[in-house]
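Line by line, the protein sequences give chains A and B. Numbering-wise (this note's numbering), the first sequence opens with residue 121 and increments by one. Numbering-wise (this note's numbering), the second sequence opens with residue 7 and increments by one.
Derived from the structure by calculation, the hints contain no laboratory data. Glycine included, C-beta positions come from ideal geometry on N, C-alpha and C. Please note that the accuracy of each hint is not assured.
[Said to hold, decoys possible] So the derived label-pair ranges between C-beta atoms look like this:
1) H192(A) - S16(B): 34 to 42 Å
2) S90(B) - H192(A): 30 to 38 Å
3) H192(A) - T105(B): 18 to 26 Å
4) K191(A) - A75(B): 23 to 31 Å
5) T83(B) - N187(A): 13 to 21 Å
6) E176(A) - E106(B): 14 to 22 Å
7) S90(B) - Q180(A): 35 to 43 Å
8) Y220(A) - E106(B): 14 to 22 Å
9) K191(A) - L45(B): 35 to 43 Å
10) A149(A) - G59(B): 18 to 26 Å
11) K178(A) - A13(B): 33 to 41 Å
12) E176(A) - T83(B): 19 to 27 Å
The lines below spell out each chain.
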Amino acid sequence: GENVEQHPSTLSVQEGDSAVIKCTYSDSASNYFPWYKQELGKRPQLIIDIRSNVGEKKDQRIAVTLNKTAKHFSLHITETQPEDSAVYFCAAFSAGGTSYGKLTFGQGTILTVHP
Amino acid sequence: IAGITQAPTSQILAAGRRMTLRCTQDMRHNAMYWYRQDLGLGLRLIHYSNTAGTTGKGEVPDGYSVSRANTDDFPLTLASAVPSQTSVYFCASSDRDGTEAFFGQGTRLTVV
């Protein structure tokens with residue numbers, strides 16, 4: 121089945137700096153890669169996603185890149201702000217084989233942005 | 007109901023008891039998922055369903071069962087709860103293959 125590895129587990133940056141979180145996946149049939157943000161005590165919410173036919177996607181200060189050959193994708197946050205502090209999860213959706221329909225998450229990254 | 011709702015929001019359960027966590031969505035989403043969230047382990051998939059009438063096992067299915075009798079409901083049952091099932095449980099749904107998954111508010115379950 122699909123295995124998603126996420127690094128780092130914790131990330132501390134100064135306000136205004138950039139933050140990068142990386143994920144790898146194992147199932148070549150995966151075709152959809154969302155990123156979720158979870159604030160303390162709340163439910164995860166989608167912040168950006170990318171499909172396997174696209175290499176990069178941007179939304180204001182957030183961007184995601186995908187390398188299908190290497191099976192890894194990354195989240196980039198520029199000009200970080202204290203309100204970006206949260207847990208971030210990557211995920212991969214399996215679109216084929218015995219894992220069809222599974223949405224598998226990484227272990228999460230605790231991002232802390234210091235003012 | 008607006009979106010996806012879980013019940014109860016929290017529960018303390020004696021070990022050995024049976025418990026069903028409820029999940030209902032009104033978005034007519036085909037896919038539904040159950041995850042457990044434990045510190046440092048992220049969101050681990052327990053069971054999922056691509057459409058009404060079908061279910062599949064995730065990463066950590068042992069000790070849990072699900073059913074999907076209709077589109078809206080996806081209950082998760084713990085047949086005989088054990089302390090290691092203490093966790094926060096999230097239900098999620100998505101419209102179709104590879105689209106945004108919406109999460110319920112979570113159920114905090116403590117097995118003592």
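Hints, one by one, checked against the model:
no., hint, verdict
1, H192(A) - S16(B): 34 to 42 Å, "37 Å, holds"
2, S90(B) - H192(A): 30 to 38 Å, "32 Å, holds"
3, H192(A) - T105(B): 18 to 26 Å, "22 Å, holds"
4, K191(A) - A75(B): 23 to 31 Å, "37 Å, violated"
5, T83(B) - N187(A): 13 to 21 Å, "40 Å, violated"
6, E176(A) - E106(B): 14 to 22 Å, "19 Å, holds"
7, S90(B) - Q180(A): 35 to 43 Å, "41 Å, holds"
8, Y220(A) - E106(B): 14 to 22 Å, "18 Å, holds"
9, K191(A) - L45(B): 35 to 43 Å, "27 Å, violated"
10, A149(A) - G59(B): 18 to 26 Å, "23 Å, holds"
11, K178(A) - A13(B): 33 to 41 Å, "39 Å, holds"
12, E176(A) - T83(B): 19 to 27 Å, "43 Å, violated"
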